[in-house]
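Trainee: Protein chains in written order, with the numbering used here: chain A, 1 to 488; chain H, 1 to 488.
Read the hints as simulated data drawn from the structure, not as lab findings. Worth double-checking, as some hints may not be accurate.
With a straight-line Cα cutoff of 27 angstroms, these simulated BS3-like cross-link-like pairs (lysine-lysine) come out [unchecked claim]: (1) A/K21 <-> H/K97; (2) A/K171 <-> A/K329; (3) A/K49 <-> A/K482; (4) A/K69 <-> H/K97; (5) H/K334 <-> H/K42; (6) H/K171 <-> A/K334; (7) A/K23 <-> H/K334.
2 protein chains.
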Amino acid sequence: MSENAVFSRNKVLTIDTMNPKVKNVEYAVRGPIVQRAVQIEKELREGVKKPFTEVIKANIGDAHAMGQKPITFFRQVLALCSYPELLNDNMFPEDAKSRARHILQACGGSSMGAYSASQGIDCVRQDVARYIERRDGGVPCDPDNVYLTTGASDGIVTMLKLLVCGEGASKTGVMISIPQYPLYSAALAELGAVQVNYYLNEEKCWSMDLRELERSLAEARKHCNPKALCIINPGNPTGQVQSRQCIEDVIRFAAKERLFLMADEVYQDNVYAEGCQFHSFKKVLFELGPQYSNTVELASFHSTSKCYMGECGFRGGYMEVINMDPEVKAQLTKLVSVRLCPPVPGQALMDLVVNSPQPGEPSYTTFMKERTATLSLLAEKAKLTEEILNTVPGITCNPVQGAMYSFPNISLPQKAIKDAKALGQAPDMFYCMKMLEETGICLVPGSGFGQKDGTYHFRMTILPPTDKLKILLAKVNEFHQKFTQQYS
Amino acid sequence: MSENAVFSRNKVLTIDTMNPKVKNVEYAVRGPIVQRAVQIEKELREGVKKPFTEVIKANIGDAHAMGQKPITFFRQVLALCSYPELLNDNMFPEDAKSRARHILQACGGSSMGAYSASQGIDCVRQDVARYIERRDGGVPCDPDNVYLTTGASDGIVTMLKLLVCGEGASKTGVMISIPQYPLYSAALAELGAVQVNYYLNEEKCWSMDLRELERSLAEARKHCNPKALCIINPGNPTGQVQSRQCIEDVIRFAAKERLFLMADEVYQDNVYAEGCQFHSFKKVLFELGPQYSNTVELASFHSTSKCYMGECGFRGGYMEVINMDPEVKAQLTKLVSVRLCPPVPGQALMDLVVNSPQPGEPSYTTFMKERTATLSLLAEKAKLTEEILNTVPGITCNPVQGAMYSFPNISLPQKAIKDAKALGQAPDMFYCMKMLEETGICLVPGSGFGQKDGTYHFRMTILPPTDKLKILLAKVNEFHQKFTQQYS
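Just chain A, with the same shape it has in the complex (with noise of 0.2 angstroms):
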């Protein structure tokens, strides 16, 4: 080969070349829309004009960007452990100091820098376990059951790894929630699983419904072999809170069809609505009986970014395994040991979740302060969304029982559909887009989450500031009137 043949070669790594699964995994959350969005800022900073002087992110879930305190107590647990010397100094409190000492005599050489066990650090896996022991009126829980994570999206994408297998029409289907939190299509396209849809119920406030469940079942058998089933509660991007009823329906259904169950419970403690209740389908399955509680497989997963902490940047997290298989176990150890371990920062920040400041403990009544006002205010958020989104003509909103979203339907003039289509943009991405260009606003299309053929949708945040909230609702009105008008 001559010299000029070496050196004026392709690339080894093209799009042609790469791995194909990967080209298929899509992330709306943080897609085109946002990567645009990101653009635009920089434009503002460089002094260019625009109708609006800054962009206002909805598109995530991201409680300390949009302006939230974090925690005060969970904040000097993890100064105290990142800096022990602290641990002589008088400006924090003895409780914070005790949970400090606590954490660190679990770390290897004291030091929150060694690594910790792969499953994650003994102390904080017992301390998860009597949280779930609390939380579920006395279930019990072992914590050997319990595997600490990088953020939940990382025990959701490790136990999908477990359970694809096969190919053709014995490949791994997985069932999920339409809409669905992206995380899922994304990790069951990288792992060339097959996706299986079932559809929530918009007329219903987003319920899942057994109906559905069994329709969908039947249509994926006939060319995968579903093995899991995800249920998202309180949902995103819907934010309903499922009924005890449902839960139980839906276990009873995953018993009788033999299908693995996987619970992103990470806002259980974001619910809002009078009359609806955080159930964790842990407790259902017990409270169903040993027929379901010593058969159905179960992993439920919690975090530390959301909730009333929203320390999302800590990538803390947890998941609870029932009824495995234990050969499936010790493989599911291994698998954890490659990456060595969690964020031992993130497993502190989960072990303050689990073990927070008690009645009598000096930061009792502050933190119960913090995690009150920053409830009622999501609540307050939800219900002001969900409230002016519906005085909007075109936009029909459900209550946002829980999760930090709201989900409206929008009607889209037909001219814009055809627009859109022209253009190869998915409707609803055509209008956020506009919304963007035009007000800031950014938001994520509900095509990024699957919808129902023909409807269309936007998932946006109730984390703004009260103050921006509302600026931004009437902007979304404002703009989706003149949107309605220039296209009909």
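For chain A, the structure is supplied; the task is to place chain H on it using the hints.
Mentor: Just chain H now, kept in the frame of chain A:
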């Protein structure tokens, strides 16, 4: 189906129905021998009598767990970032405060609790780029080519994910050194790629050999499509530091043979032997001129876990990609966005590593003192380990030029090999297991890293405190002689 049939069903997820690729994963560094070590620790705590009173874990490069102290400055800044109230406190030096402000102003809502950009915080990537430029004598680095990661492992697995595709004879092959760090073999097993072994030359101090690369590649091309070549320098588990000439040869080889280069350089500050120096693959690539620097695709990896900081628990790291096809880069950015972002405390720590105290700043003297003390001590222990091991009849140890491990060759008597095989164990696993049971020393058998057929090794970290390291080496000496006698 009867009620009974419903409930007496087998598990959905069993060892037979799970992902077979996961079953193929092996990770010796936290494998069966470490699990046994943890058990023994528990037995000791419960009062079980053993011929030793403590387990010494020399299986993993976990510096803080072995008593190494964190760098004061790093931990001060992390405490400030965790609890910014401390910025008002007089106990912290001004440079620590200014670094904390630098990091916090780049975080959403000035909080480490916000998600960062998926590629990592902008200012941290800029600081990384400047660090790389300084390290490489001015070779330019574009921050857009820098991706922050969850430890180096995360970056390596992500790159392999992009590269792997095909089936049968067109399946992607990835060349890795033998001995290797088992993350590589584990990731390749999970991805279903072909592991292509090239052997390091133990006789020449574990150097890379061009002819061996050629042999390995030619062999591999008969049954797969080799696309990438991975190098660990300084070496893990083998501790060699590659010469500039060798790196040049490898780059020319990769250019000629169209291989994507992956350079694992996490031990770049861990160079101890006289006459040895760390050369980054990127620097050498650019010194070879534009024919190479404009064409050869390279990803290099660094981490907060090793060198003088040893902050494994924070899971911080970065990768730099050179000459990556822009379309592939867009796919990479999309892929990492699915997992939202690397842990922000780890990103902050990475920033401190690449932007450490400078002459004239208040923390400079202490920082340099701590850094130098740690590296000197490691150099001393590297020498000590090599020297003592080489006094043992039947053990031959190459110089520990860099990294954190010795990987001595051990002669095992035929009877031991036979007994091991009868138990279905690798002979060096049999040896290490016996050593653990009799002395409490936890090492990793060479078979977990790969080695030439018929040779046996173990990997031992040089991290224990000098006193303990001496005891450990004396015990290894004694055990080896006893073992040899017993099986001769």
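Trainee: Run every hint past the structure and note whether it holds.
Mentor: Hints, one by one, checked against the model:
Note on A/K21 and H/K97: the hinted pairing is violated, with a Cα-Cα distance of about 45 angstroms set against a maximum of 27 angstroms. Taken as a hint, the A/K171 and A/K329 pair is honoured in the structure, with Cα atoms around 22 angstroms apart against an allowance of 27 angstroms. For the suggested pair A/K49 and A/K482, the alpha carbons sit about 21 angstroms apart, so the restraint of at most 27 angstroms is met. Proposed proximity of A/K69 and H/K97 is supported: the alpha carbons are some 20 angstroms apart, at most 27 angstroms.
Distance hint between H/K334 and H/K42 is unfulfilled; the C-alpha atoms sit about 44 angstroms from each other, more than 27 angstroms. At most 27 angstroms may separate the alpha-carbon atoms for a hinted pair to count; H/K171 and A/K334 meet this at roughly 25 angstroms. A C-alpha spacing of about 9 angstroms is found between A/K23 and H/K334, which places the hinted pair at or below 27 angstroms, so the restraint holds.
When held up to the earlier numbered hints, the structure conflicts with 1, 5 and fits the remainder.
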